[in-house]
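Can you make the complete structure from the sequences, with help from the hints?
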Amino acid sequence: MADAIRALAIDGVEAAKSGHPGMPMGMADAATVLFTRFLKHDAADPRWPDRDRFVLSAGHGSMLLYAWLHLTGHAGMGVEELRRFRQLHSPAAGHPELGEHPGIETTTGPLGQGISTAVGMAMAERHLAARFGKSLVDHRTWVIASDGDLQEGISHEAASLAGHFSLGKLTVLWDDNHISIDGDTALSTSEDTLARFKAYGWAVRRVDGHDHEAVAAALNAATKSRKPTLIACRTIIGFSAPKKAGTAGSHGAPLGPEEAAAAKAALGWDAGPFEVPADIRESWEAAGKRGGGTRRSWLKRLAKHPQRGDFERAMAGKLPERWDAPIAEWKAKAVAEKPKLATRVASQKALEALVPAIPEMIGGSADLTGSNNTNVKGVPALSTENWGGRFVHWGIREHGMAAAMNGMALHGGIIPYSGTFLVFSDYMRPSIRLAALMRQRVVHVLTHDSIGLGEDGPTHQPVETLAALRAIPNLHVFRPADVIETAEAWELAVRRADGPSVLALSRQNLPTVRSDAGENRTARGGYVLAEPSGERKATLIATGSEIEIALAVREALEQAGIPTAVVSLPCWELFALQDPSYHDQVLGSALRVGIEAALEFGWSRWLGPDGIFIGMQGFGASAPASDLYRHFGITADAVVAAVKRRVN
Numbered sequence: 001m002a003d004a005i006r007a008l009a010i011d012g013v014e015a016a017k018s019g020h021p022g023m024p025m026g027m028a029d030a031a032t033v034l035f036t037r038f039l040k041h042d043a044a045d046p047r048w049p050d051r052d053r054f055v056l057s058a059g060h061g062s063m064l065l066y067a068w069l070h071l072t073g074h075a076g077m078g079v080e081e082l083r084r085f086r087q088l089h090s091p092a093a094g095h096p097e098l099g100e101h102p103g104i105e106t107t108t109g110p111l112g113q114g115i116s117t118a119v120g121m122a123m124a125e126r127h128l129a130a131r132f133g134k135s136l137v138d139h140r141t142w143v144i145a146s147d148g149d150l151q152e153g154i155s156h157e158a159a160s161l162a163g164h165f166s167l168g169k170l171t172v173l174w175d176d177n178h179i180s181i182d183g184d185t186a187l188s189t190s191e192d193t194l195a196r197f198k199a200y201g202w203a204v205r206r207v208d209g210h211d212h213e214a215v216a217a218a219l220n221a222a223t224k225s226r227k228p229t230l231i232a233c234r235t236i237i238g239f240s241a242p243k244k245a246g247t248a249g250s251h252g253a254p255l256g257p258e259e260a261a262a263a264k265a266a267l268g269w270d271a272g273p274f275e276v277p278a279d280i281r282e283s284w285e286a287a288g289k290r291g292g293g294t295r296r297s298w299l300k301r302l303a304k305h306p307q308r309g310d311f312e313r314a315m316a317g318k319l320p321e322r323w324d325a326p327i328a329e330w331k332a333k334a335v336a337e338k339p340k341l342a343t344r345v346a347s348q349k350a351l352e353a354l355v356p357a358i359p360e361m362i363g364g365s366a367d368l369t370g371s372n373n374t375n376v377k378g379v380p381a382l383s384t385e386n387w388g389g390r391f392v393h394w395g396i397r398e399h400g401m402a403a404a405m406n407g408m409a410l411h412g413g414i415i416p417y418s419g420t421f422l423v424f425s426d427y428m429r430p431s432i433r434l435a436a437l438m439r440q441r442v443v444h445v446l447t448h449d450s451i452g453l454g455e456d457g458p459t460h461q462p463v464e465t466l467a468a469l470r471a472i473p474n475l476h477v478f479r480p481a482d483v484i485e486t487a488e489a490w491e492l493a494v495r496r497a498d499g500p501s502v503l504a505l506s507r508q509n510l511p512t513v514r515s516d517a518g519e520n521r522t523a524r525g526g527y528v529l530a531e532p533s534g535e536r537k538a539t540l541i542a543t544g545s546e547i548e549i550a551l552a553v554r555e556a557l558e559q560a561g562i563p564t565a566v567v568s569l570p571c572w573e574l575f576a577l578q579d580p581s582y583h584d585q586v587l588g589s590a591l592r593v594g595i596e597a598a599l600e601f602g603w604s605r606w607l608g609p610d611g612i613f614i615g616m617q618g619f620g621a622s623a624p625a626s627d628l629y630r631h632f633g634i635t636a637d638a639v640v641a642a643v644k645r646r647v648n
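Numbering-wise (full-length UniProt numbering), the sequence shown opens with residue 1 and increments by one.
Think of the hints as simulated: they come from the structure by calculation, not from any bench. Predicted model, so just to flag it, every value in this text is computed and none were measured. Glycine is no exception: its CB is placed at the ideal position from the N, C-alpha and C atoms. You may find that some hints are simply not true.
Said to hold, decoys possible - FRET-style restraints, in silico, Cβ to Cβ: (1) L299 x V79: 28 to 36 Å; (2) K340 x Q585: 29 to 37 Å; (3) K340 x A316: 15 to 23 Å; (4) A303 x K377: 36 to 44 Å; (5) E558 x K340: 22 to 30 Å; (6) A497 x E519: 19 to 27 Å; (7) P609 x T247: 27 to 35 Å.
Here is the structure:
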């Protein structure tokens, strides 16, 4: 059965003329033991909610995953799909891609992301078991990881988290083959990996990865451990290839016709390309049906469960009825009272309305709770003593936090949100990018969004970061101007089921500039906040804290006889989706002036060739916020002067 995986991996890579045969050939034995004896799964329903999750963190070895799906009888991964490995529109992509096949739990390939995402899946399982009970939620998370996965810095963050939370239902099979692309791993690392994981609070074991019974014994022990388990499976990369086994030559390229034939001969495999003998195929198909009875028993329990409706709604990603009523009440109150709040505080006010109404929301912060304002009074922290808690103290692990949040969202039943400073989104970027690629509902609260944070200085002032985030496809970046836009941004982020959102929020207090709370105007990405008194001569376009400046500029220009409009542009991505006629209506044909305490990059899209940009030209400095705005020329007086030079 393991040789069937090896043969299909060889065939797929040979047919594609590219790929990574070595890992599937080396890990086929350990994977076969996992898939046939331990994994709770039913090929007839690969999205069954209480299935075990399997994450191929070593995503370059994707043929191992595709071979398993094919052999176990999963619909949609037939021999023709394998023949088109790595070809356009094939579900058997070069690296596993979420959505290409229902048996693929997450997109992997960027090393370290898979194991870190799996930590979030395991956390989600524990939380949902506390909410709905073990009769509905009782499954494990299994990972196959490579040397590269464990070298990446994110895996250190994630492994530390897993040990801290005692995720006993998480097991990682480490493909300990001592080979990296450059050669032997001894070229670059000499650490004791098992000692490292033991120090994190993991149970660790070392086995011969080609000894089925030794692997089975280690996996059996893992199922009884109260700690997460790392099993070092000593393997030979490219197992059975006469010349390339145990070498970097089998890692990332086809074996070649001669070596491929010799490898199959060494296995005693005489079936043709992509052919599997009937008896072996039958054994694999039986393995694919192993979980059928378990799944049917679970369905019976679900049918009688008093929380069935809530469980099915949560797992389907549907929001509760009237979830938005409390936030509407808060917006109406804010319009009446017009508070002057930092948008990070306005965000907390929105969360105080949303979190009690949406039990799936789980918050957190990377050790900046009091600064990010992501906590809600009365909502307990998630911990080993209280898995029903709904706030995660992630520690200073931004990258691991973002990946684990992806895992929570992928697991289903949870809408994760958390916070750090905007500048530290650079630490999180690969995980944010994957959330966008996988279209997952994840919300990042990123505060201290500009030079307005003041004295902490240029190391903490994210002048280039908005542009970098706006460049990620399918990521909605919100930079709200006041308490109303902040509430609207939260509504949209929570409602959005096809991708992640970022809320870039101010440290400094901002006035309430909106006098209406009915229509969610942020939903269109941009709108005219203040109309001109006559035929428009200038349009001031701003976001976030600079809306306050734009309104002051408008007042001065109007007094000078220059009719001026103010456009709030809190979400460029949503604005870009609107009809060109709406763009023309909002932006107008008069002089356009962009105002943002960030770099100009990207603004030409809205300003056109003749527009003016008032903002940052380089890094910030350490001083009180008001002094910095004056120092860098982001003031009402500077904008007024710039407009008058062009209009008069």
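To see whether the hints hold, each was checked on the structure:
no., hint, in the structure
1, L299 x V79: 28 to 36 Å, "holds, 31 Å"
2, K340 x Q585: 29 to 37 Å, "holds, 31 Å"
3, K340 x A316: 15 to 23 Å, "violated, 40 Å"
4, A303 x K377: 36 to 44 Å, "holds, 38 Å"
5, E558 x K340: 22 to 30 Å, "holds, 23 Å"
6, A497 x E519: 19 to 27 Å, "holds, 21 Å"
7, P609 x T247: 27 to 35 Å, "violated, 56 Å"
Comparing the model with each numbered hint stated earlier shows that hints 3, 7 do not hold.
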